[in-house]
Structures are given as structure tokens and as C-alpha cells.
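Residue numbering for the sequence shown follows our numbering, starting at 1 and increasing by one per position.
Since the hints were derived computationally from the structure, they do not count as laboratory data. Computed from a predicted structure; not experimentally measured. Every residue, glycine too, gets a C-beta built ideally from N, C-alpha and C. Among the hints, a few may not be true.
Claimed, not checked - Derived pair list, reagent style DSS-like, types lysine-lysine, alpha-carbon separation capped at 25 Å:
{"#": "1", "residue 1": "K87", "residue 2": "K73"}
{"#": "2", "residue 1": "K267", "residue 2": "K87"}
{"#": "3", "residue 1": "K268", "residue 2": "K222"}
{"#": "4", "residue 1": "K73", "residue 2": "K267"}
{"#": "5", "residue 1": "K10", "residue 2": "K64"}
{"#": "6", "residue 1": "K87", "residue 2": "K53"}
To be verified - Pairwise CB distance ranges (calculated):
{"#": "7", "residue 1": "Q54", "residue 2": "A356", "range": "19 to 27 Å"}
{"#": "8", "residue 1": "A257", "residue 2": "R363", "range": "20 to 28 Å"}
{"#": "9", "residue 1": "E192", "residue 2": "R363", "range": "44 to 52 Å"}
{"#": "10", "residue 1": "D84", "residue 2": "D298", "range": "47 to 55 Å"}
{"#": "11", "residue 1": "P307", "residue 2": "I77", "range": "34 to 42 Å"}
{"#": "12", "residue 1": "N193", "residue 2": "H44", "range": "41 to 49 Å"}
{"#": "13", "residue 1": "A257", "residue 2": "E5", "range": "40 to 48 Å"}
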Amino acid sequence: MTQREINNIKQSAPPIEEIIGRYVQLTQKGRSLLGCCPFHKDRHPSLAVNPEKQCFICFACGEKGDVISFLQKIEGISFGEAIDKLKIENGKSKVKSEVKPEVKLTKPVCETDKFSNLDSQISIEKNLQFLSSLLPAASGDSDLTPTWLDFGVGTSPAMVPEEWKAMRNRLVFPIRNEEGQLVGFGARRLTENPDIPKYINSPTSGLYRKNELLYGLDMARKMIREKQFAILVEGYKDVLAMHAAGFRNTVALCGTALCDGHIALLKKYTSRVVVMLDADAAGRKAAEKAVCQLGMQDIRVYRMELPEGQDPDSLFRLWGKERFTRYLRERLMQGTSSEEALLLGRIREGILLLSAITDTAKRMEALRCLNVGMAYLTGLSQRERRPATMDWRWV
Numbered sequence: 001m002t003q004r005e006i007n008n009i010k011q012s013a014p015p016i017e018e019i020i021g022r023y024v025q026l027t028q029k030g031r032s033l034l035g036c037c038p039f040h041k042d043r044h045p046s047l048a049v050n051p052e053k054q055c056f057i058c059f060a061c062g063e064k065g066d067v068i069s070f071l072q073k074i075e076g077i078s079f080g081e082a083i084d085k086l087k088i089e090n091g092k093s094k095v096k097s098e099v100k101p102e103v104k105l106t107k108p109v110c111e112t113d114k115f116s117n118l119d120s121q122i123s124i125e126k127n128l129q130f131l132s133s134l135l136p137a138a139s140g141d142s143d144l145t146p147t148w149l150d151f152g153v154g155t156s157p158a159m160v161p162e163e164w165k166a167m168r169n170r171l172v173f174p175i176r177n178e179e180g181q182l183v184g185f186g187a188r189r190l191t192e193n194p195d196i197p198k199y200i201n202s203p204t205s206g207l208y209r210k211n212e213l214l215y216g217l218d219m220a221r222k223m224i225r226e227k228q229f230a231i232l233v234e235g236y237k238d239v240l241a242m243h244a245a246g247f248r249n250t251v252a253l254c255g256t257a258l259c260d261g262h263i264a265l266l267k268k269y270t271s272r273v274v275v276m277l278d279a280d281a282a283g284r285k286a287a288e289k290a291v292c293q294l295g296m297q298d299i300r301v302y303r304m305e306l307p308e309g310q311d312p313d314s315l316f317r318l319w320g321k322e323r324f325t326r327y328l329r330e331r332l333m334q335g336t337s338s339e340e341a342l343l344l345g346r347i348r349e350g351i352l353l354l355s356a357i358t359d360t361a362k363r364m365e366a367l368r369c370l371n372v373g374m375a376y377l378t379g380l381s382q383r384e385r386r387p388a389t390m391d392w393r394w395v
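Throw the hints in and build the complete structure from the sequences for me.
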């Protein structure tokens, strides 16, 4: 690709201040726009964006460049991937007048009678018509309702057009990619009828691949960067409960086990993950496997267990927002009721991880962490000699 072609792509894309403004709150200051730099812990606005020159610079950490280098840095992507994102932005600007701004739908999602997207035959207008017909979902809890509406969750009535019959009388969760583009749906039955599937999802397609999507990432990615860790839960409703409680760095698996595609997405935004899956036999087994998978990909993992038989959504409804929020904050700050119990959990998970590691260097590092934890737990190392910066939750 020539420099001329690159310049044409940049000129056709939205201005740099608009794109950076999606990640940083900018304030006009003379000819420039100022904001807190997302590339370091910036308490005072150090990032300057120049609309005239279409460039940015941070006077604190020295990061600078154009819209392409900003996207590369903020998204953790290659030069070619940043170019592709700008090409998509160019396409979005061409159809902006045809699409309601609050609905980020840039491509046809599916051929609705088969609930697939074979050649994406259905028009954008048809999808928007369906979405606008969704009734606001009765979440069953007034503290949850605003978040459900933010995520666009709705109920599909019993009477729907023939092409949407697979969705009728279900709770519908729009599924978006990390850019906020609608790529599929998840739908949960409203009744407890065992003769119909509890969940149905869009099938695998060019737009929708469960092993490459994390539900809620479009809403959570900014907070993941700010908090420097992500919380991984099991279901759509769990994400909604966590966001309603203020933990907006939470994402969920889309009805599948943790895959390499999910881990790659997480690594774009953080190197630390809290695994908080359902507190049942299946959830514990999945959590143990997830700890191993994440650890092998150089991600620091903290596994947080909920009360037996509960998940974030059920616990929110059982306890209410205030108690649920307080409980999670205490657990995330302390790990468990005692440091010793926490270390026992880390040692148990470390043993599981060791059994799965084949790389010698990674195996030695995992063994080192185990040795440190066991020495501390058995009293072979003194508490006062422990490094002040060590956080046992991330050992």
C-alpha cells in the first residue's frame, strides 16, 4: 500500500479528535483538545489532540502520532489492522444518514427465516425494524432495568412475523463485537417449558463466531483499561448484574467454553483476569480449566468463588444491589476471608496449571510462584520480609 493510499484512507475516515474522543474525554483548549492520556496513569490532562494537523501527543509519557498509530496503541493491533478499522469507519460514514445513530448496526446480521447470515440477504432497515419493535424487557428488578436498557435487551412478543418465529416469546440479547457492531442475537425462553431450548443463538457465520466474541466487551473495554483487569462471568444476565452493580469491566462467554479467541481479545486490553463463573459443579470445573488456559497465555488470574449454587445475576436479585456490590468489593479487595485460604487456592490452581504446561520457562515460573506461596504459608518465610509490593491475589 502506497503512502498516497494511506493518506486517502485517513482523509476519508472520521477526524482524529472524533476517534480519540471515543476513548478519552476531550476538552477544547485553544486550537487543541486536551484529555487524560490512556497510555499511562494520567491524573492531569497531558494528551493534546491537534485537529488541524490530525495528530496527537502526550507531554507526560511522550506517546505521539496520527490516527493510525493511536489505534495501534489503544487497541493493541497491527498497522494493517488499524488500516482495516479506518476502512470500516469510511463505510460507516457513507451510510450514517441511513442508520439511527443510537443503533450501531453497519452490516446485515442474518437471513432471518433460518437465523443465519447466508450472504447477508436481509437489509439493514429490516434489522432495525425488528430491533425497534422489541419491547423493553421487564428485568424483575428496578436496579437492573437501566442496565438492561443500555444493553438493548428486549422481549420478543408471541406474535411476530414468520421470519422471526425462532425468536418469539423470548428474552433477546443483542450481541455486538468489540466495536459495538451488531453481529448476532442470543435469546432465552421466557417460560420454563423443558420442551423448548433454554437458549438459542445465531449460528456461526462470517459475522458471528462464539469463540471470538465476549458479550459486553464493547461496553466494558474502556473500564477494563482503567481498572487494569477484567472480570469474566458465564452468562448474559451475569454481565448485566455486574454492570448494574458498578463493575463495568465485566464480560461473558457467549454460551461456550473459554477459547484462544477469547484470550486474545482479553490480552488486547489487560494482563489480569478475575474468573467468576457459576458456583456449581460445572462452573467450578470450567473455572479450573479457564485458570490453566489463561495462565498458559501469561495472564495473571484470580479465581473468585461465589456462594454455593449462585451466579452474579441470582445473587444480585437475592441480596439487592447494595449488599451485592459491597460483597464483591470486599472479595475483590481481600480475595478471601484470610490470606492463608487464598494462598491455598492459588497453590491448588498452580498445581493444575503445572500439569498443563509444556514450555520449560513457563513451567519454572509457575513452580517459582508455587514455592513462594508454600514457603509463606508454612512459615518458612517471615511476613515482615515479604516484598511490600506483592499482591497475593495475583501470584
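Range hint 19 to 27 Å (beta carbons of Q54 and A356) holds or violated: Hint violated: Cβ distance 47 Å, outside 19 to 27 Å.
Distance restraint evaluation - A257, E5, Cβ atoms, bounds 40 to 48 Å: The hint (40 to 48 Å, Cβ to Cβ) holds, given that A257 and E5 are roughly 41 Å apart.
Hint consistency between K267 and K87 [alpha-carbon to alpha-carbon, up to 25 Å]: 24 Å, holds
Whether the CB-CB distance between N193 and H44 falls inside 41 to 49 Å: 57 Å, violated
CB-CB spacing for I77 and P307 relative to the 34 to 42 Å hint: 40 Å, holds
Pairwise hint evaluation, K64 against K10, where the allowed Cα distance is 25 Å at most: OK: K10 and K64 at ~16 Å, within 25 Å.
Given hint K73 paired with K87 - CA-CA distance at most 25 Å: 18 Å, holds
Distance restraint hint 44 to 52 Å, applied to the beta-carbon atoms of E192 and R363: Given a distance of about 47 Å, which is inside 44 to 52 Å, the answer is holds.
Cβ distance range 47 to 55 Å for D84 and D298, holds or violated: 26 Å, violated
Holds or violated: K268 to K222, with C-alpha atoms at most 25 Å apart: 12 Å, holds
Holds or violated: K73 to K267, with C-alpha atoms at most 25 Å apart: Status holds; Cα separation ~13 Å.
25 Å Cα cutoff - pair K87, K53: Between K87 and K53 the Cα gap is close to 20 Å, so the pair holds against 25 Å.
Of the numbered hints given earlier, the model fails hints 7, 10, 12; all others are met.
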